[in-house]
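Work out the full structure: start from the sequences and follow the hints.
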Amino acid sequence: MDFSYFTDASIAQLLEEFYYSPLIIQIAIFFIFFSVLCILVTYTSILTKRYKGYRLEKKLERINPIIDDLILKNIIFNDELNKDAEEGEPANLIPLHDFQKIPFKSAFGKQALINRIISFRKSFKGTIAFYLRQLYIDLELDKQSFNKMKSVKWDKKVVALVELTAMDMSIADVNILPLTNSKNSELRAEARHAYIKLSKNEPFKFFDVVTEPLLMWDQIQLFKIITTTEDIAIPNFARWVTYSTNKSIVSFCLKLIVYYNQVDGIPAVIKLLDTKDHGLRANAINCLGKLKVDEVEDKLLEIYGNQTQNCQIEILKAIGRIRSGKSIDFLKYEFLHSSDFDLRKNAARSIISGGIKAQETIQLLLDTATKENLLILKHCMNPLIKF
Amino acid sequence: MQKILYIEDELLMQNIVDKILSREGYEVDVANDGKMAMQKLIENNFDYSLVITDIMMPYANGFEIISKIRNYTSPKKIPIIVVSTIGNEDAILEAFKLGADDFLKKPIMAGELLIRVKRLAGQ
Numbered sequence: 011m012d013f014s015y016f017t018d019a020s021i022a023q024l025l026e027e028f029y030y031s032p033l034i035i036q037i038a039i040f041f042i043f044f045s046v047l048c049i050l051v052t053y054t055s056i057l058t059k060r061y062k063g064y065r066l067e068k069k070l071e072r073i074n075p076i077i078d079d080l081i082l083k084n085i086i087f088n089d090e091l092n093k094d095a096e097e098g099e100p101a102n103l104i105p106l107h108d109f110q111k112i113p114f115k116s117a118f119g120k121q122a123l124i125n126r127i128i129s130f131r132k133s134f135k136g137t138i139a140f141y142l143r144q145l146y147i148d149l150e151l152d153k154q155s156f157n158k159m160k161s162v163k164w165d166k167k168v169v170a171l172v173e174l175t176a177m178d179m180s181i182a183d184v185n186i187l188p189l190t191n192s193k194n195s196e197l198r199a200e201a202r203h204a205y206i207k208l209s210k211n212e213p214f215k216f217f218d219v220v221t222e223p224l225l226m227w228d229q230i231q232l233f234k235i236i237t238t239t240e241d242i243a244i245p246n247f248a249r250w251v252t253y254s255t256n257k258s259i260v261s262f263c264l265k266l267i268v269y270y271n272q273v274d275g276i277p278a279v280i281k282l283l284d285t286k287d288h289g290l291r292a293n294a295i296n297c298l299g300k301l302k303v304d305e306v307e308d309k310l311l312e313i314y315g316n317q318t319q320n321c322q323i324e325i326l327k328a329i330g331r332i333r334s335g336k337s338i339d340f341l342k343y344e345f346l347h348s349s350d351f352d353l354r355k356n357a358a359r360s361i362i363s364g365g366i367k368a369q370e371t372i373q374l375l376l377d378t379a380t381k382e383n384l385l386i387l388k389h390c391m392n393p394l395i396k397f
Numbered sequence: 007m008q009k010i011l012y013i014e015d016e017l018l019m020q021n022i023v024d025k026i027l028s029r030e031g032y033e034v035d036v037a038n039d040g041k042m043a044m045q046k047l048i049e050n051n052f053d054y055s056l057v058i059t060d061i062m063m064p065y066a067n068g069f070e071i072i073s074k075i076r077n078y079t080s081p082k083k084i085p086i087i088v089v090s091t092i093g094n095e096d097a098i099l100e101a102f103k104l105g106a107d108d109f110l111k112k113p114i115m116a117g118e119l120l121i122r123v124k125r126l127a128g129q
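Protein chains in written order, with the numbering used here: chain A, 11 to 397; chain B, 7 to 129.
Calculated directly from the structure, the hints in this document are not laboratory data. Idealized CB from N, CA, C, for every residue including glycine. Heads up, some of the hints might be wrong.
Claimed, not checked - From the derived model, a few chain B residues whose C-beta atoms are all more than 12 angstroms from chain A:
#, residue
1, 9
2, 14
3, 16
4, 21
5, 22
6, 38
7, 50
8, 73
9, 91
10, 96
11, 103
Claimed, not checked - From the structure, some residues in chain A lie toward chain B, with a derived Cβ separation under 10 angstroms:
#, residue
12, 81
13, 82
14, 84
15, 86
16, 126
And the structure:
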């Protein structure tokens, strides 16, 4: 092969050496060059990202105090606005000219403004929060958020949902409901959060359309959102216990029935005892126990024998929670004769939670217990150990 | 001039409340965390007209700050307002049990904070 067209003699010599070297050496050299190139590209991209982040931070450090001062001057310390609010007519126009100057005309400036308004709204409520929302609308920053909703990128949609939720802007069902069922877990969670917070009439409508299972983490997040959001209309969750085909929704609604002590939902929960799904059955028993439904105690004893272990444990716990004192003998029998350690432990716990009604039985068991049974009883009597 | 110690680790909140109170004529000392708050209290010989504290903070939380202030054998009782995002029953009861005089849950109303400050620290 002719390498003479390279003007630099050393490069030509190197290439010639590479060309005539054994194949294994050629492959090794190729991989070395390729690896070095990859490392260089990676380091360059990391450095570029860090530099961009640093520049952004510096720009924010410059612009944020300006925004803070403007908000303080035009909203918080604006006596005209506060006077109107005191007179019960918070409709005065916010002076916008300062917010429409050059730094806030760029997309970056507008985004910084949105983020700062949201931060202020997280710290303040009342008149200040009202005027901050008004400012967001007057500056047409909502359009920027709604544009992000149209993006194909899921992370932009999440940002848009966070912004619109924080600013209490309503989003059309047609735009948000499909997102509550998204394959992307973060987008799905944020859309559900936004729907509960923004939908004034039916914040739980998305329960009807959810086809994907609610994962345990989704349930924890939703539970927190539902129980901490103020002014939301709480429906009768028994509706989904009866009609939903999504098992995770039914299971989640059972937890909400307990939390909101919805005794109207008890008949629907009792019906669930006949379901073939043992997981749901266990959840239903758990719900009835926590609601202390004593009329269901006989039925629980009746079905106990043909239940799976998780349902049997829930039945024992439910009897302990109901504390009617009717089933002490049954609990005592299970504690003394069951071959399953978990069942014995839960039976003991339920006997002990029986209090005065079970006092005689507890004393008798303590007096006559074997070494192992005594350990279980003492363990269950320890108030620091929770079940 | 009435002197107030404001203990808050969130910079935005710290900055705004500082400006709101300063505008009303109070002298505001700001601490970013529990450790700094204790330093300021000791440096000033616990001589504050009011302490406003958050609960969740680095080094020492708001409850510890309240306990330390109340354990200090000053003849003058310093009024304490707790301003926190934690607004559950346990936190509120714990704060009052330890000796807090008032409790505000974030987000707050600026006007409400001012009224409570004026009531406890004086005009």
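Okay, the hints, checked on the actual structure:
1. 9: holds (22 angstroms)
2. 14: The claim is violated: residue 14/B sits with its nearest Cβ about 10 angstroms from chain A, within 12 angstroms.
3. 16: Per Cβ check, residue 16/B is inside 12 angstroms of chain A; nearest 8 angstroms; violated.
4. 21: Contrary to the label, residue 21/B does not stay out of reach of chain A, its closest Cβ about 7 angstroms off (not over 12 angstroms).
5. 22: Check fails; 7 angstroms does not lie beyond 12 angstroms.
6. 38: holds (16 angstroms)
7. 50: holds (26 angstroms)
8. 73: Given that every Cβ of chain A is farther than 12 angstroms from that of residue 73/B, nearest at about 24 angstroms, it holds.
9. 91: violated (9 angstroms)
10. 96: Answer for residue 96/B: holds, closest chain A Cβ roughly 15 angstroms.
11. 103: holds (21 angstroms)
12. 81: Since the shortest Cβ distance to chain B is 9 angstroms, the answer is holds.
13. 82: holds (6 angstroms)
14. 84: violated (14 angstroms)
15. 86: Residue 86/A check passes; min Cβ-Cβ to chain B is 6 angstroms, inside 10 angstroms.
16. 126: Holds. Min distance 8 angstroms.
The structure is inconsistent with the numbered hints 2, 3, 4, 5, 9 and 14, although it conforms to all the rest.
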